[in-house]
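A.B. asks: Sequence:
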Amino acid sequence: MDEDNNNEYVVIDSIGSGENSYFNLYVFNTLDSFYLTDSVLSGYTKPYETVSEDVEGILFATGNAACDKFNSLNDVTFSTLNFWKFVEGSLYLVNSEVYDLYIEENNEIIQIIDSFLETRVSDCNTSKEVLGAIAAVYANYLSAGEDTLAIKFLKEYYLCADIDQLEIELKNIVM
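Going by the working numbering, 549 is the number at position 94 of the sequence shown; the sequence numbering is gapless.
Quick caveat, the hints were computed from the structure, so don't treat them as lab data. Please note that the accuracy of each hint is not assured.
To be verified - No farther apart than 27 Å at their CA atoms in a straight line, the calculated lysine-lysine pairs in the DSSO-like style are these:
id : residue 1 : residue 2
1  : Lys524    : Lys583
2  : Lys607    : Lys524
3  : Lys610    : Lys583
4  : Lys626    : Lys583
5  : Lys501    : Lys583
6  : Lys626    : Lys540
7  : Lys610    : Lys524
8  : Lys607    : Lys626
9  : Lys501    : Lys540
10 : Lys524    : Lys626
11 : Lys583    : Lys607
12 : Lys626    : Lys501
13 : Lys610    : Lys626
14 : Lys501    : Lys524
Could you put the whole structure together from the sequences, leaning on the hints where they help?
C.D. replies: Shown next, in the form of structure tokens:
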């Protein structure tokens with residue numbers, strides 16, 4: 456994976472079934488023996504490979520398990536993403552280097568939110584119904600370094616009195 460001529464194997468494991476699966480990403484190395492080199496807890500988001508024009512090589516996108524609590528069990532789950540690159544036997548976060556991937560992800564989630572809100576009254580209860588998606592977009596903006604967009608988005612879509620508490624909680628998860 457990091458072009459060092461050593462074979463690495465990626466295993467995506469899940470616990471549970473269906474929509475309630477919890478995912479882990481494992482990287483194994485075969486240098487001298489077969490051993491675990493690194494792992495990431497991805498939560499409800501199934502890890503996947505991706506690429507970016509800004510970072511060479513294969514990247515892995517994972518969820519952030521700490522964000523899973525914002526999803527209700529009846530809804531489609533959303534999570535802020537973390538992007539990882541395998542370098543010299545370890546996975547390293549490259550979130551600050553993949554701005555475009557965050558913006559693309561957010562555009563898709565915002566379309567889903569807007570479609571949902573078209574047929575509903577905009578109020579706190581509606582905001583709570585899509586809280587997982589709101590939290591994911593806000594946290595993705597923070598990870599992309601777009602603090603101003605994150606705050607603007609949160610104020611536009613989260614219409615509850617506890618907005619300041621939510622903002623603090625999400626910042627603590629991402630930072």
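A.B. asks: Please go over all the hints and tell whether each is borne out by the structure.
C.D. replies: How the hints compare with the structure:
1. Between Lys524 and Lys583 the alpha-carbon distance is near 12 Å, which keeps this suggested pair within the 27 Å criterion.
2. Pair hint Lys607 plus Lys524 holds up; C-alpha atoms about 23 Å apart against a cutoff of 27 Å.
3. A C-alpha spacing of about 14 Å is found between Lys610 and Lys583, which places the hinted pair at or below 27 Å, so the restraint holds.
4. Our distance criterion of 27 Å between C-alpha atoms is met by Lys626 and Lys583, whose separation comes to about 18 Å.
5. Restraint check for Lys501 and Lys583: the C-alpha separation of about 24 Å stays at or below 27 Å, so the hint holds.
6. Between Lys626 and Lys540 the alpha-carbon distance is near 23 Å, which keeps this suggested pair within the 27 Å criterion.
7. This hinted pair checks out: Lys610 and Lys524 have alpha carbons roughly 20 Å apart, not beyond 27 Å.
8. The suggested pairing of Lys607 with Lys626 holds, with an alpha-carbon distance near 15 Å, which does not exceed 27 Å.
9. Annotation: proposed proximity of Lys501 to Lys540 holds, straight-line Cα distance about 16 Å (limit 27 Å).
10. Under the criterion of a C-alpha separation no larger than 27 Å, the hint pairing Lys524 with Lys626 is consistent with the structure, at around 15 Å.
11. Of the supplied pair hints, the one linking Lys583 and Lys607 holds, its CA atoms being roughly 18 Å apart against a limit of 27 Å.
12. Of the pairs offered as hints, the one joining Lys626 and Lys501 holds, with about 23 Å between alpha carbons and a cut-off of 27 Å not exceeded.
13. For the given pair, Lys610 sits about 15 Å from Lys626 by alpha-carbon distance, which is consistent with the 27 Å threshold.
14. About 16 Å separates the Cα atoms of Lys501 and Lys524, which keeps this hinted pair within 27 Å; it holds.
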